[in-house]
Amino acid sequence: MLEVPANIYPWLKGIVGLVLIGALFGFGMFAIWVERKLSADIQERHGPNRVGPRGIFQLVADAIKLFTKEEIIPAKVDRILYISAPIVILLSVFLMLVAIPVGAVYVNGTEYVLAATQMDISILYIEAVSAIAIIGTFVLGYGQNNKYAMMGTFRNFAQMVGYEIPLGLTIVSVAIMSGTLDVVGIVHAQDRIWYAFLQPIGFIVFFIAMMIDMGRLPFDQNEGEEELQAGVFTEYSSMRFGLGFFAEYFHLILGSFLIALLFLGGWNVPGFVTDNTVLGVILPTVVLVTKATLVMAFIIMMRWAVPRYRIDQVVDLSWKKLLPFSLLNLGWAIALGLYLGV
Amino acid sequence: MDTNIGPDEMLIHMGPHHIAQPGPFRLNVKLKGETVQDSDVEMGFIHKGIEKILESKTYLQGIPVVDRACYLAALTNEEAFVGCVEKLAGIEPTERSQYIRVIVEELSRIQSHLLGYGEYTEFIGFMTMFFYPMTVREKILDLLEMTTGARITHSYLRFGGVRDDLPEGFEAKCKEAFALLRRGLEEWGELMKSDTIYRERTVGVGVLTPDTAKEMGVTGPPLRATGVDFDIRKDEPYLVYDDLDFKVCTETAGDVYARIWVRVAEIYESMYIIEQALDQMPSGPLFPENLPYDRRAPVMRVPEGEVFHRVEDPRGEMGMYMVSDGSDKPYRVKIRGPVFPTMQAMPPLIKDSQLADVVAIVGSLDPCVSEADR
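From first to last, the protein sequence lines stand for chains E and C.
Everything in the first sequence is counted per full-length UniProt numbering, starting at 1 for the first residue and increasing by one.
Everything in the second sequence is counted per full-length UniProt numbering, starting at 1 for the first residue and increasing by one.
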């Protein structure tokens, strides 16, 4: 049997924190590759296939390109805001990352959660810091001195006012049913049955609201490529554009993890318990990452399968459909929670 | 447009280099929030002076020049130009070459509509639907390339006939491509009809009334989508369209959704026309016997006179007015293209719509800016 020293946990946290940032960048590049390959598949193209096997090194080439390109800062921008805005957006993503567990390790029957930090209100914290991104977006749109960017920012605000409440309410429903605001607790509460089955309405509402939050295609009005050039990123170039670009994909990844954690049972496989040491170390993380990747692939495919909503239609959807349904789900969660006695 | 803006208004320009534009023109839009208050269209960014160039070219040299007016309707442009000269010189093309002309012009209509369809879906953010029509369009372009030797600018029509006969194996390849296209159209039609977001974005958006359309001189699919069954192939038949069976495709709603379906229906009709033409096509020479010019040294003097000849372009009525002073060059050619009138219908159409709909409406009109600027 493996002997685990008692003081390993703080060390583990530190290592996990460092590894997580690197892993996020790696996973972000993987997400971009998946997106390009999947979209090519859907559109009857080949996608990247020249650089490395199946074009996997295309991402490296792209990253080098982004880093080495000249950065053009337009004359009349507010320089401080212009320079700091992508950093603020990325910061919000990293703050989210801090509290999101990406897996777990079972050693000698004890669970060690792979998260940089564990707090008993982690889901509330995640929800709160993810809203910081909107400040970044505002700074982004305001600092560029560009009409298209400003319009994109306004659209982002309109979206945010719409989706935050349904998103919050579905999280509250989950918290009510599990009796905790801790993501780890929520995962443990799904030992027997996933919340996606217990709260189907909540799952769908959360999914759609999360997609608006991520700004994926039916809801990417803030970029609105066709009418607003590049929307909020109109005047950005080089790696500063790359930061915003990566932030979007990080958001996609973390959102997929959240969906997997809150509604798809996290690292649990229902009805599967093992005493095997090796499996206990590897399996939970693999399960969670697989779930998150599948969710991510679904969201990516969604992007290429539908046209874009108009911004007023998104606001309509948020207020007239998502909000009532999330309230309904809240009632359902309370009733079912009382009935099940959890 | 009044450029004085209120405190809550914003002037925004789309173009001349804007992602959602088929060519360089500028749309100045006054916005209140996201709602369009007023707009105007600025054109002339790619004025090529085609009408003036034609005056210094011999008649035969004029054919490649009119090709360049619109890169998507080169063959119908040629038809208008060649038709004018034939009327002036009194040349009657042989029946076989008339059939060949019908076939290539309908092929050209199909590829133009396919591009219009694909481009339009891209404008509303449906990137995937852009690739499907483009893949099949390649097959249609292959057919054109096989016949004329070029994919875009063909210079294939000649006074009294066509340059070359249809190549061997054309019919078989045609059938193959049409089978693919039919299957594709059905699939895409299902996809678009069943998509809620697509319907929400298009139904009832940018409604053009028949009266406005007539007032502005709008022709082609945008006019037919309002319920007016005006089609020059039917109303003023040229070539052998009289002998062919086809119907004029109309819709009644006049919105973006209807305009797209008119185009799709026209693709079906064009395929039907081509299939008939291939069946009915007689054998025989490509050129009549008493040509007034030598095909090896093609300089001809066209009798004095004035003539107007119009044909049905993929985008509407394409007419040319030609004045000849008896020399070997036209004295004056005036092109009445379908796109310029269509573009002047834009400002009233996009008034009071949302910014995102502006793109959808402009895309659904399928303007070829190159042709409007000439």
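Keep in mind that the hints were calculated from the coordinates and are not lab data.
Be aware that one or more of the hints could be misleading.
As the list claims (entries may be wrong) - Incomplete in silico selection of chain E near chain C, CB under 7 Å:
1) E35
2) R36
3) K37
4) D41
5) Q43
6) H46
7) Y142
8) M302
9) V306
10) P307
11) Y309
12) R310
Where is the CB? At the ideal position from N, CA and C, for every residue including glycine.
Problem set entry | Interface hint for M302 of chain E, Cβ within 7 Å of any Cβ on chain C | violated (11 Å)
For this session: Let me know if the C-beta of R36 of chain E comes in closer than 7 Å to any C-beta of chain C, holds or violated.
Result: Cβ of R36 of chain E sits 12 Å from chain C, so the hint is violated.
Exercise. Any CB of chain C closer than 7 Å to the CB of V306 of chain E?
Worked result: holds (5 Å)
Exercise. Can the hint on K37 of chain E be confirmed by a CB-to-CB distance to chain C that is less than 7 Å?
Worked result: violated (14 Å)
Problem set entry | Closest C-beta approach of H46 of chain E to chain C relative to 7 Å, hint status | violated (12 Å)
Exercise. Taking 7 Å as the limit, does the beta-carbon of Y142 of chain E come near enough to a beta-carbon in chain C?
Worked result: violated (14 Å)
Exercise. Taking the closest Cβ pair, is E35 of chain E under 7 Å from chain C?
Worked result: Nearest chain C Cβ about 12 Å off; hint violated.
Exercise. Is the interface hint for P307 of chain E satisfied, with its Cβ closer than 7 Å to some Cβ of chain C?
Worked result: Holds, because the Cβ-Cβ distance from P307 of chain E to chain C comes to roughly 4 Å (cut-off 7 Å).
For this session: Using Cβ atoms only, decide whether R310 of chain E comes closer than 7 Å to chain C, and label the hint accordingly.
Result: With a minimum Cβ separation of about 5 Å from chain C (threshold 7 Å), the hint on R310 of chain E holds.
Exercise. Holds or violated: is the Cβ of D41 of chain E closer than 7 Å to a Cβ in chain C?
Worked result: Violated: closest Cβ of chain C sits about 10 Å from D41 of chain E, beyond 7 Å.
Exercise. Any CB of chain C closer than 7 Å to the CB of Y309 of chain E?
Worked result: holds (6 Å)
Problem set entry | Hinted contact Q43 of chain E with chain C - closest CB pair below 7 Å | Result: holds, 4 Å to nearest chain C Cβ.
In summary, the structure is inconsistent with hints 1, 2, 3, 4, 6, 7 and 8 from the numbered list given earlier, while agreeing with the others.
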